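Hey, can you work out the whole structure from these sequences and the hints?
Take the sequence shown: its position 57, counted from the start at 1, is 57 in the UniProt record's numbering, and no numbers get skipped.
Because the hints were derived from the structure by calculation, they are not lab data.
Small disclaimer: the values here were computed from a predicted structure and weren't measured.
Yeah, the Cβ is synthetic: ideal placement off N, Cα and C, and Gly gets one too.
Where hints are given, some of them may not hold.
Label pairs and their in silico Cβ distance ranges [said to hold, decoys possible]:
no. : residue 1 : residue 2 : range
1   : Asn25     : Gly65     : 29 to 37 angstroms
2   : Ser18     : Ser92     : 18 to 26 angstroms
3   : Asp35     : Ala2      : 30 to 38 angstroms
4   : Asn40     : Asp91     : 28 to 36 angstroms
5   : Asp91     : Lys38     : 34 to 42 angstroms
6   : Ala34     : Arg101    : 27 to 35 angstroms
7   : Thr64     : Gly94     : 15 to 23 angstroms
8   : Thr8      : Gly49     : 16 to 24 angstroms
9   : Ala79     : Thr8      : 24 to 32 angstroms
10  : Lys38     : Pro81     : 25 to 33 angstroms
11  : Asn25     : Ser100    : 27 to 35 angstroms
12  : Ser70     : Gly94     : 15 to 23 angstroms
13  : Asn25     : Gly94     : 12 to 20 angstroms
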Amino acid sequence: MATIGTFTKDENGNYTGSVRTLSVNAKARITAEADKAKDNAPDFRVYAGSAEIGAAWKKTAQDTGRPYLSLKLDDPSFAQPIYASLVEMDDSKGYSLIWSRRNGN
1 MATIGTFTKD ENGNYTGSVR TLSVNAKARI TAEADKAKDN APDFRVYAGS AEIGAAWKKT
61 AQDTGRPYLS LKLDDPSFAQ PIYASLVEMD DSKGYSLIWS RRNGN
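Structure follows, in structure tokens:
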């Protein structure tokens with residue numbers, strides 16, 4: 001697992017921060033979706049500037065019961081999508097974007 005971003009949450013439930021990898025260094029915002037068309041539609045949209053680069057869904061960790069966001073980030077410049085989890089830091093001072101390679105299951 002690797003921390004590839006840090007975010008803060010505002011009073012409206014939106015997040016602002018940055019995503020940093022060897023090939024990505026972008027300020028990003030995660031904005032709540034006002035009207036979900038379907039139950040499986042994203043709860044949030046992810047933007048870098050005015051470009052939509054992904055989506056996020058509300059989830060709950062099975063082992064701890066803690067809420068988190070499951071993100072899928074994609075862009076034509078990426079070889080493949082980035083899947084990550086936005087989790088609250090233990091000190092409650094923000095959120096970490098955690099990436100780990102999927103095992104293909």
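Going through the hints against the structure:
Between Asn25 and Gly65, the C-beta spacing of about 34 angstroms keeps the proposed range 29 to 37 angstroms intact. At about 19 angstroms, the CB distance of Ser18 to Ser92 agrees with the hint of 18 to 26 angstroms. At about 34 angstroms, the CB distance of Asp35 to Ala2 agrees with the hint of 30 to 38 angstroms. The supplied range of 28 to 36 angstroms is met by Asn40 and Asp91, whose beta-carbon atoms lie about 33 angstroms from each other.
The hinted range of 34 to 42 angstroms is satisfied by Asp91 and Lys38, whose Cβ atoms lie roughly 36 angstroms apart. The hint said 27 to 35 angstroms for the Cβ distance between Ala34 and Arg101, and at roughly 33 angstroms that hint holds. A beta carbon spacing of about 18 angstroms between Thr64 and Gly94 agrees with the range 15 to 23 angstroms that was offered as a hint. Range check, Thr8 to Gly49: Cβ separation about 18 angstroms, and the 16 to 24 angstroms hint holds.
At roughly 29 angstroms, the beta carbons of Ala79 and Thr8 sit within the given window of 24 to 32 angstroms. Under the hint 25 to 33 angstroms, the C-beta atoms of Lys38 and Pro81, about 20 angstroms apart, miss the expected range. For the hinted restraint 27 to 35 angstroms between Asn25 and Ser100, the CB-CB distance of approximately 20 angstroms leaves it violated. The hinted range of 15 to 23 angstroms is satisfied by Ser70 and Gly94, whose Cβ atoms lie roughly 18 angstroms apart.
Asn25 and Gly94 have their C-beta atoms about 18 angstroms apart, which keeps the hinted 12 to 20 angstroms range intact.
When the structure is compared with the earlier hints, violations turn up for hints 10 and 11 and for no others.
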